[in-house]
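Engineer: So the chains spell out like this:
Number of protein chains: 2
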Amino acid sequence: MAEQFVTLEKSFMKLLAEKKYQTLKDVMATMNAADIAAVFEDLDEERTPLLFRLLPKELAAEAFAELSPELQEHLIRGFSDKELHEVVSELYVDDAADLVEEMPASVVKRILAQADPEMRREINEILRYPENSAGSIMTTEYVSLRPQMTVAEAIQRIRRTGVDKETIYTCYVTEARRLLGTVSVKDLLLAPDDNTPVSEIMDGHVISVSTLTDQEEVAQMLSKYNFLALPVVDADERMVGIVTFDDAMDVLVEETTEDIEKMAGMLPSEKTYLRSTPWDLFRHRIPWLLLLMVSATFTGMIITGFESALAAQVVLTAFIPMLMDTGGNSGSQASVTVIRALSLGELELPDLPKVVWKEIQTAVLCGAALASLCFLKIMVFDRMILGNTDITVMTAFVVCLTMALTVLAAKVVGCTLPLCAKRLGFDPAVMASPFITTIVDALSLLVYFSIAKAVLF
Amino acid sequence: MAEQFVTLEKSFMKLLAEKKYQTLKDVMATMNAADIAAVFEDLDEERTPLLFRLLPKELAAEAFAELSPELQEHLIRGFSDKELHEVVSELYVDDAADLVEEMPASVVKRILAQADPEMRREINEILRYPENSAGSIMTTEYVSLRPQMTVAEAIQRIRRTGVDKETIYTCYVTEARRLLGTVSVKDLLLAPDDNTPVSEIMDGHVISVSTLTDQEEVAQMLSKYNFLALPVVDADERMVGIVTFDDAMDVLVEETTEDIEKMAGMLPSEKTYLRSTPWDLFRHRIPWLLLLMVSATFTGMIITGFESALAAQVVLTAFIPMLMDTGGNSGSQASVTVIRALSLGELELPDLPKVVWKEIQTAVLCGAALASLCFLKIMVFDRMILGNTDITVMTAFVVCLTMALTVLAAKVVGCTLPLCAKRLGFDPAVMASPFITTIVDALSLLVYFSIAKAVLF
Numbered sequence: 005m006a007e008q009f010v011t012l013e014k015s016f017m018k019l020l021a022e023k024k025y026q027t028l029k030d031v032m033a034t035m036n037a038a039d040i041a042a043v044f045e046d047l048d049e050e051r052t053p054l055l056f057r058l059l060p061k062e063l064a065a066e067a068f069a070e071l072s073p074e075l076q077e078h079l080i081r082g083f084s085d086k087e088l089h090e091v092v093s094e095l096y097v098d099d100a101a102d103l104v105e106e107m108p109a110s111v112v113k114r115i116l117a118q119a120d121p122e123m124r125r126e127i128n129e130i131l132r133y134p135e136n137s138a139g140s141i142m143t144t145e146y147v148s149l150r151p152q153m154t155v156a157e158a159i160q161r162i163r164r165t166g167v168d169k170e171t172i173y174t175c176y177v178t179e180a181r182r183l184l185g186t187v188s189v190k191d192l193l194l195a196p197d198d199n200t201p202v203s204e205i206m207d208g209h210v211i212s213v214s215t216l217t218d219q220e221e222v223a224q225m226l227s228k229y230n231f232l233a234l235p236v237v238d239a240d241e242r243m244v245g246i247v248t249f250d251d252a253m254d255v256l257v258e259e260t261t262e263d264i265e266k267m268a269g270m271l272p273s274e275k276t277y278l279r280s281t282p283w284d285l286f287r288h289r290i291p292w293l294l295l296l297m298v299s300a301t302f303t304g305m306i307i308t309g310f311e312s313a314l315a316a317q318v319v320l321t322a323f324i325p326m327l328m329d330t331g332g333n334s335g336s337q338a339s340v341t342v343i344r345a346l347s348l349g350e351l352e353l354p355d356l357p358k359v360v361w362k363e364i365q366t367a368v369l370c371g372a373a374l375a376s377l378c379f380l381k382i383m384v385f386d387r388m389i390l391g392n393t394d395i396t397v398m399t400a401f402v403v404c405l406t407m408a409l410t411v412l413a414a415k416v417v418g419c420t421l422p423l424c425a426k427r428l429g430f431d432p433a434v435m436a437s438p439f440i441t442t443i444v445d446a447l448s449l450l451v452y453f454s455i456a457k458a459v460l461f
Numbered sequence: 005m006a007e008q009f010v011t012l013e014k015s016f017m018k019l020l021a022e023k024k025y026q027t028l029k030d031v032m033a034t035m036n037a038a039d040i041a042a043v044f045e046d047l048d049e050e051r052t053p054l055l056f057r058l059l060p061k062e063l064a065a066e067a068f069a070e071l072s073p074e075l076q077e078h079l080i081r082g083f084s085d086k087e088l089h090e091v092v093s094e095l096y097v098d099d100a101a102d103l104v105e106e107m108p109a110s111v112v113k114r115i116l117a118q119a120d121p122e123m124r125r126e127i128n129e130i131l132r133y134p135e136n137s138a139g140s141i142m143t144t145e146y147v148s149l150r151p152q153m154t155v156a157e158a159i160q161r162i163r164r165t166g167v168d169k170e171t172i173y174t175c176y177v178t179e180a181r182r183l184l185g186t187v188s189v190k191d192l193l194l195a196p197d198d199n200t201p202v203s204e205i206m207d208g209h210v211i212s213v214s215t216l217t218d219q220e221e222v223a224q225m226l227s228k229y230n231f232l233a234l235p236v237v238d239a240d241e242r243m244v245g246i247v248t249f250d251d252a253m254d255v256l257v258e259e260t261t262e263d264i265e266k267m268a269g270m271l272p273s274e275k276t277y278l279r280s281t282p283w284d285l286f287r288h289r290i291p292w293l294l295l296l297m298v299s300a301t302f303t304g305m306i307i308t309g310f311e312s313a314l315a316a317q318v319v320l321t322a323f324i325p326m327l328m329d330t331g332g333n334s335g336s337q338a339s340v341t342v343i344r345a346l347s348l349g350e351l352e353l354p355d356l357p358k359v360v361w362k363e364i365q366t367a368v369l370c371g372a373a374l375a376s377l378c379f380l381k382i383m384v385f386d387r388m389i390l391g392n393t394d395i396t397v398m399t400a401f402v403v404c405l406t407m408a409l410t411v412l413a414a415k416v417v418g419c420t421l422p423l424c425a426k427r428l429g430f431d432p433a434v435m436a437s438p439f440i441t442t443i444v445d446a447l448s449l450l451v452y453f454s455i456a457k458a459v460l461f
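Going line by line, the protein sequences match chains R and X.
Just remember that this note's numbering sits 4 ahead of the position in the first sequence, which is counted from 1.
Just remember that this note's numbering sits 4 ahead of the position in the second sequence, which is counted from 1.
Everything labelled a hint here was simulated from the structure, so no lab data went into it.
Any given hint could turn out to be false.
Pairs count within a copy or across copies, as identical chains cannot be separated in the list.
With a straight-line cut-off of 35 Å between C-alpha atoms, the simulated DSBU-like cross-links for lysine-lysine are [stated by the list, open to error]:
id: 1; residue 1: 23; residue 2: 228
id: 2; residue 1: 358; residue 2: 266
id: 3; residue 1: 358; residue 2: 18
id: 4; residue 1: 23; residue 2: 358
id: 5; residue 1: 190; residue 2: 61
id: 6; residue 1: 358; residue 2: 24
id: 7; residue 1: 14; residue 2: 358
id: 8; residue 1: 169; residue 2: 190
id: 9; residue 1: 358; residue 2: 29
id: 10; residue 1: 169; residue 2: 228
id: 11; residue 1: 29; residue 2: 228
id: 12; residue 1: 228; residue 2: 14
id: 13; residue 1: 228; residue 2: 266
id: 14; residue 1: 228; residue 2: 18
id: 15; residue 1: 228; residue 2: 86
id: 16; residue 1: 358; residue 2: 275
id: 17; residue 1: 275; residue 2: 23
id: 18; residue 1: 228; residue 2: 24
id: 19; residue 1: 228; residue 2: 190
id: 20; residue 1: 113; residue 2: 169
id: 21; residue 1: 190; residue 2: 86
id: 22; residue 1: 169; residue 2: 29
id: 23; residue 1: 275; residue 2: 228
id: 24; residue 1: 275; residue 2: 29
Same shape as in the complex, but just chain R:
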């Protein structure tokens, strides 16, 4: 893929430099909207308006919808009102609503001025829904049928109205805007008799979402049921739009990226990495770094509290990183597993006792294995091979016992915190590695020094 792309870009540059516009026009007409957008993103911004004007109308709108907000804005600023009108009127309503949401006020005004009244109304309707809700990602363009229509009439209606609709393959049977059932084009085409009324072949067990349903839940439902689209109904159970599978796929990818960013202690960002400036990255990363640095004060205080003991047994210090890291890793394994299972809907709050019990058993297995190997490592490698005679059997014992207890504490904390966060209405994803590490650090040091004090002094 990537290599193909580089070649394509090079050809584009050459053709542009040689002003071979007809060739460029012919090449672009054979391309896919997504690929055209990708090439545009990599070109010098100044060149894009010229190239864009070479695209056939419909393809131009499709490619436009795939561009980054920055490039969209750049293009719009160069458009005449007529050009803007052409692009906007070819956009699907949900793409137009996305566009309006991203642009600065002055550009929005121009866009809305160039949209047909009908589209303007629909854009505004979508924009009224809260961010990340089904209403905000739905499109209001879908094929609706009446229950008493025959199969032949239904196919006629699709043929007549379908060209503007984002998906025509699932049609919605409504009466007074109430959703009665769905019928697929497949069902219509495969119906044995053209005169069968739609109501007889439709599927009346409709799964729908509300305008306020979270977009991630909508995407997961689409993925679970393998639907092409899900109908969206308002508070009065009236159908207002559909969410299509391609938008759901995008939502799944975006939401997962956000989860991953949160799990690594970052504020989620909407820009891709290459488009983010160092200042963007800084702003998204520094809050958690500061918070976690400050909270490490407690760990420091624990060490200070045991300073005199440490001064007498400096050898204990050498094992602090190993204990802290193993604890942190054990904890984040548990928390990340639980967070992912929560966001895939595999786990629910009532599963907490089951989860804790499973993690305790796992921790005992891991703790035993780690402690045994650690004991061997300390006695053979550190004491015999490195010849560190400060290390006694008792030191090794203290380290290994701490190891086992730390792993246990880490796994229990790691699996409990995300579930508790969910219970309290917070996002479980922030309860991942960095946060768990800080807690487990403090716990492991407390255990370490307490056991050391009891056993060694």
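Given chain R's structure and the hints, the job is docking chain X onto it.
Structural biologist: Only chain X this time, still in chain R's reference frame:
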């Protein structure tokens, strides 16, 4: 969703206990295959064969395809040959191939014996492709059209053969099995003239994948182009099957879960959390824990090397956890961002210099912010409020300088390692938090003690 489910399960249990089979049958006939599978998974295994027999034939096969391999095996072991034949012949070929792949040899033998010769041939064909390749997830059932057919003939053909095909909405125009173009049912339905030949309305710029293309790449292409399905061609450019969007969505979710597991230092697992035994969890988690514990030996050796210095300045020990954690967090922020961008295809190897430069700038900003706040914290909180008079301005200076340098090293290591791993053909996802932490720990301690030795002694 979840609450609905619990209620449904309870009703099922009651109806089962009261032996109201007719009611159960009626209820299940109204349900979706995915929901039926979810209820089955939660029921006592013993009850499932009885319930399964109450399902209408087609729905039974659909629900069967959604079940976990464990439950599938349990059901098959209870099936008569006739029942097995009924289920297998209703399965889509790709689902049947998945089934064969998951079952133990004795069960596979029975399944293949009950499959029609045609299906057996197709299953075997799919199974010949390497795991995670497009060939292994494709289905061989699709609608193919000849270029010289008219629109009316094409619609006729879909009506006649479409009922068995997994998706009918994109049809493939082939000649001698060579793929000439695609035509959607939408194009056919909206064609102005029924007598137009298919070759005139088909899209000849076909995007296809090879049987050996990685399934993740296929899923990303489907998501990028918003296609319902992608055609799969063999080495001779002959069309052999299609990958549909619903399978692509599953692949995206699975591959991301694997990435997340790897990033948290676990071997990827195919079982869901609730289905994994503690022993499963142990086996997937212990390898990295052991490896990372052993590698912490180096960190320990660094501390031991500076033991005499530490004994003289025990106060330095108190800052070790803060320095290690901040370094680890900074590094994993960079590595996780880069890993995610790599797996979304936003970053490529040639971007390395750009990435490193961006991370250096970000590190300078983060390092400056963290070091300043840290200096303030040490002087005001640790020294004045806690009254720790061992802490001098020079100590604070050493800690803060180490902090800034550690953040810089962590960000550079964090962004470089995943890209290097990719270059060497390894999976970048393993170059995440745990691994980075271990390296950054060692680096930060080396820097810390070296600066301390130079400044304080």
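Engineer: Flag every earlier hint the structure violates by its number, smallest first.
Structural biologist: The structure conflicts with no hint, since it agrees with every one listed earlier.
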